[in-house]
Amino acid sequence: MKKILQADQLKLKRSSLLIIVLLVPLLILAYELVNFTYRAEFVEKQAEMFGAGSMWMFLLYDNSLLFGLGCPLAVTLAASVIANIEHQANGWKQTLSMPISRGKIYLSKFIWLTISLFLSTTIFLIGMVLLGKLLGFEGNIPLVLLMGDCYGMLITVLPMMAFQFWLSMTIKNQAFSILIGSISAIMGLFLAAAQTTRWFPLAYPIQSSTVILQYEGIGYNPDFSAYLVINLILGIILIFIGSRHFAKRNVQ
Amino acid sequence: MNEQILMTNDLTKKYMKHTSVDGINLRIERGQIYGFLGPNGAGKTTTIRMLLGLIKPTQGTIKIFGQSLKKNRLQILQRIGSLVESPTYYGNLTGRENLEAVRRLRDLPEKRVNEVLEIVRLTKVANRLTKEYSLGMKQRLGIAVAMLSNPDLLILDEPTNGLDPSGIQEIRELIKELPKAGMSVLVSSHMLSEIDQMATQVGIINNGKMIFQDSIERLRQKRKPLLKVGVSDGMKANEILKERKLKANLQGDFLWLSQTEPAFVSEINSILVHAGVSVYRLEEVTKTLEDIFLELTGTEGSL
Ligand SMILES: Nc1ncnc2c1ncn2[C@@H]1O[C@H](COP(=O)(O)OP(=O)(O)O)[C@@H](O)[C@H]1O
Ligand SMILES: [Mg+2]
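Protein sequences appear in the order of chains A and B.
Residue numbers for the first sequence follow this note's numbering, so the first one is 1 and each next one is one higher.
Residue numbers for the second sequence follow this note's numbering, so the first one is 1001 and each next one is one higher.
Keep in mind that a hint or two might mislead.
[What the hints assert, rightly or not] Which chain B residues stay away from chain A? Per the calculated CB distances, all over 12 Å, these:
#1 1018
#2 1025
#3 1073
#4 1094
#5 1108
#6 1121
#7 1123
#8 1136
#9 1178
#10 1217
#11 1243
#12 1261
#13 1264
#14 1267
#15 1291
[To be verified] Which chain B residues face chain A? A few, computed with CB under 7 Å, are given here:
#16 1074
#17 1077
#18 1082
#19 1088
#20 1089
#21 1101
#22 1104
#23 1105
#24 1173
Just so you know, the hints here were simulated from the structure itself, not pulled from any lab data.
For clarity, every value in this text was computed on a predicted model and none was experimentally measured.
Backbone N, C-alpha and C define an ideal beta-carbon position, used for all residues, glycine too.
Let the sequences and hints guide you as you build the complete structure.
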């Protein structure tokens, strides 16, 4: 498996994957930087109104919507880039006539997708810490909450990763999977807005934050652990189904 | 020497109602260069995809190295190198990196990369991005990938596609050398002349059906010269020859006979002239392999 991962790593060289990995966290961080400097007064008032314990808490609350929308988009694009490397190279017939099980080939690429998103969320994590320090937020850095937001997202977005990856791997035209991914991300936003539909797994990334706004103000998200458990299990099931289907396909 | 390394039984692939490959029984023995010949759309690539386990046959079985492909796909693929149709190349990588990616996948020794680059003469351009390669260079890269693992069976689908004449010559010489190292080769082509120059065994496929499978010598025997006789009255001449138990074939204004020795030719001439038929042409005609091919396929001009 290590060899397959190394081969896939080489195939990703000079691809646009790195740009996508950087794009989403940097855009959100840039937005927050502008928000907390140019609109500092407004932000402080809002933080007070929402009863945020600290500016850290407000930052966590403020970016969860953008991150919940941006992360599924990053997933969509990264899955597309990784799969498209083989499509574009006319590579499936070569790669799949190697003496390697198709399941492993599928899994190796999925691991690279996971690594990409891990990098993306880690950059976001580091970026948030730096942002807080730069702007002189008071109080201790709530590292557990920050990490929960970032890596929790990685788990709530797992079913979406599994589905988008399967789409991009099996359908050559990447415009299709990117369209589906974008619609899903926006659907998630709408589903999350209503009390009943917010329990759809598709709506979890949007709500995947350690803190949320409640009647009493910004506080811990009581549903977060449920989201994590449900989407972790769902994600693993979808990865399994996707790889089984991939292994049985005819290769053109 | 007569070890069968590849054997298919009634191999069939249907797409919807269209049968692309129709009950093929391929037989390849160790050390053979098997030329798989057929016009475009005959079913060569479809057959090869099935041999590599890329697509599943609708019907029939495949045995390679004595094992069932269905049951032992990975073990069999371990000993095969292949190039299928238009070449695979990762345009964002150099030629060397392309080979390195395959080397890692197959877990082969590092020195093989330089060896195969040398064999296909890509060493000079090995560090250039493959998206800048010409079609011929991409094709040679594909052959290098196929040879990387030093396979026992090399499957090359139209390997000379897009190569210039000197490139074709090079690849041909390369392929002819392979059996010396114990390798067997399945090479497909739509050009008879190409197969004629390198294959030891020929299988001809047309419309999904195998219409000829034998040694190249047997195919060449079909090329024996014929005697073409132009006469004033074909019907009458044919009757006269028949009376003398000489088998002739009347086609249009010409009679075709299967012997061309000088004594035989003058005898025919004298018989006909004495019987009052005027002979205006006596010609020895050698059928080209193309003629034979067209005869077999019955698809004139489709090559
Ligand atoms: N995926 C497919 N779906 C439908 N028809 C196909 C498919 N692949 C090949 N064919 C048909 O099968 C026939 C044989 O094609 P192919 O094996 O590529 O021929 P060759 O390699 O000899 O030129 C053609 O008529 C082609 O249109
Ligand atoms: Mg073909």
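Hint by hint, here is what the structure shows:
Residue placement check: residue 1018 of chain B keeps its beta carbon more than 12 Å from all beta carbons of chain A (closest about 15 Å). Look at residue 1025 of chain B: its CB is around 22 Å from the nearest CB on chain A, clear of 12 Å, so calling it non-interface holds up. With a least CB separation of 8 Å from chain A, residue 1073 of chain B falls inside the 12 Å interface cut-off, contrary to its annotation. Its beta-carbon lying about 9 Å from the closest one in chain A, residue 1094 of chain B breaks the requirement of being farther than 12 Å from that chain.
For residue 1108 of chain B, the requirement that its beta carbon stay farther than 12 Å from each beta carbon of chain A is not met, with the minimum near 10 Å. Distance to chain A confirms residue 1121 of chain B as a non-interface residue, since its nearest Cβ pair spans about 21 Å, more than 12 Å. With a least CB separation of 20 Å from chain A, residue 1123 of chain B remains clear of the 12 Å interface cut-off, as annotated. Residue-level check passed: residue 1136 of chain B sits 16 Å from the nearest beta carbon of chain A, beyond 12 Å.
In this structure residue 1178 of chain B is separated from chain A by more than 12 Å, as the shortest Cβ-Cβ distance comes to about 19 Å. Here residue 1217 of chain B stays apart from chain A, with its beta-carbon at least about 32 Å from theirs, past the 12 Å limit. For residue 1243 of chain B, the non-interface assignment is confirmed: its Cβ lies about 62 Å from the closest Cβ of chain A, beyond the 12 Å cut-off. Look at residue 1261 of chain B: its CB is around 53 Å from the nearest CB on chain A, clear of 12 Å, so calling it non-interface holds up.
Even its closest Cβ contact with chain A, about 55 Å, leaves residue 1264 of chain B beyond 12 Å, as expected for a residue assigned away from the interface. No beta-carbon of chain A comes within 12 Å of the beta-carbon of residue 1267 of chain B; the shortest separation is about 60 Å. In this structure residue 1291 of chain B is separated from chain A by more than 12 Å, as the shortest Cβ-Cβ distance comes to about 35 Å. At a threshold of 7 Å, the smallest CB-CB gap from residue 1074 of chain B to chain A is about 5 Å, leaving the interface hint in force.
A distance limit of 7 Å between C-beta atoms decides the matter here; for residue 1077 of chain B the minimum to chain A is near 4 Å, and the interface restraint holds. At its closest, the beta carbon of residue 1082 of chain B sits 5 Å from a beta carbon of chain A; the interface hint therefore holds under the 7 Å criterion. Interface hint at residue 1088 of chain B: satisfied, since its Cβ lies 4 Å from the closest Cβ of chain A, which is below the 7 Å cut-off. At its closest, the beta carbon of residue 1089 of chain B sits 6 Å from a beta carbon of chain A; the interface hint therefore holds under the 7 Å criterion.
Annotation: residue 1101 of chain B was flagged as interfacial toward chain A, and the flag holds, the nearest CB pair being 5 Å apart, inside 7 Å. At its closest, the beta carbon of residue 1104 of chain B sits 4 Å from a beta carbon of chain A; the interface hint therefore holds under the 7 Å criterion. With a cut of 7 Å, the hint placing residue 1105 of chain B at the interface with chain A holds, because the nearest CB-to-CB distance is about 4 Å. Hint on residue 1173 of chain B is violated. Least Cβ distance to chain A is approximately 25 Å, over the 7 Å limit.
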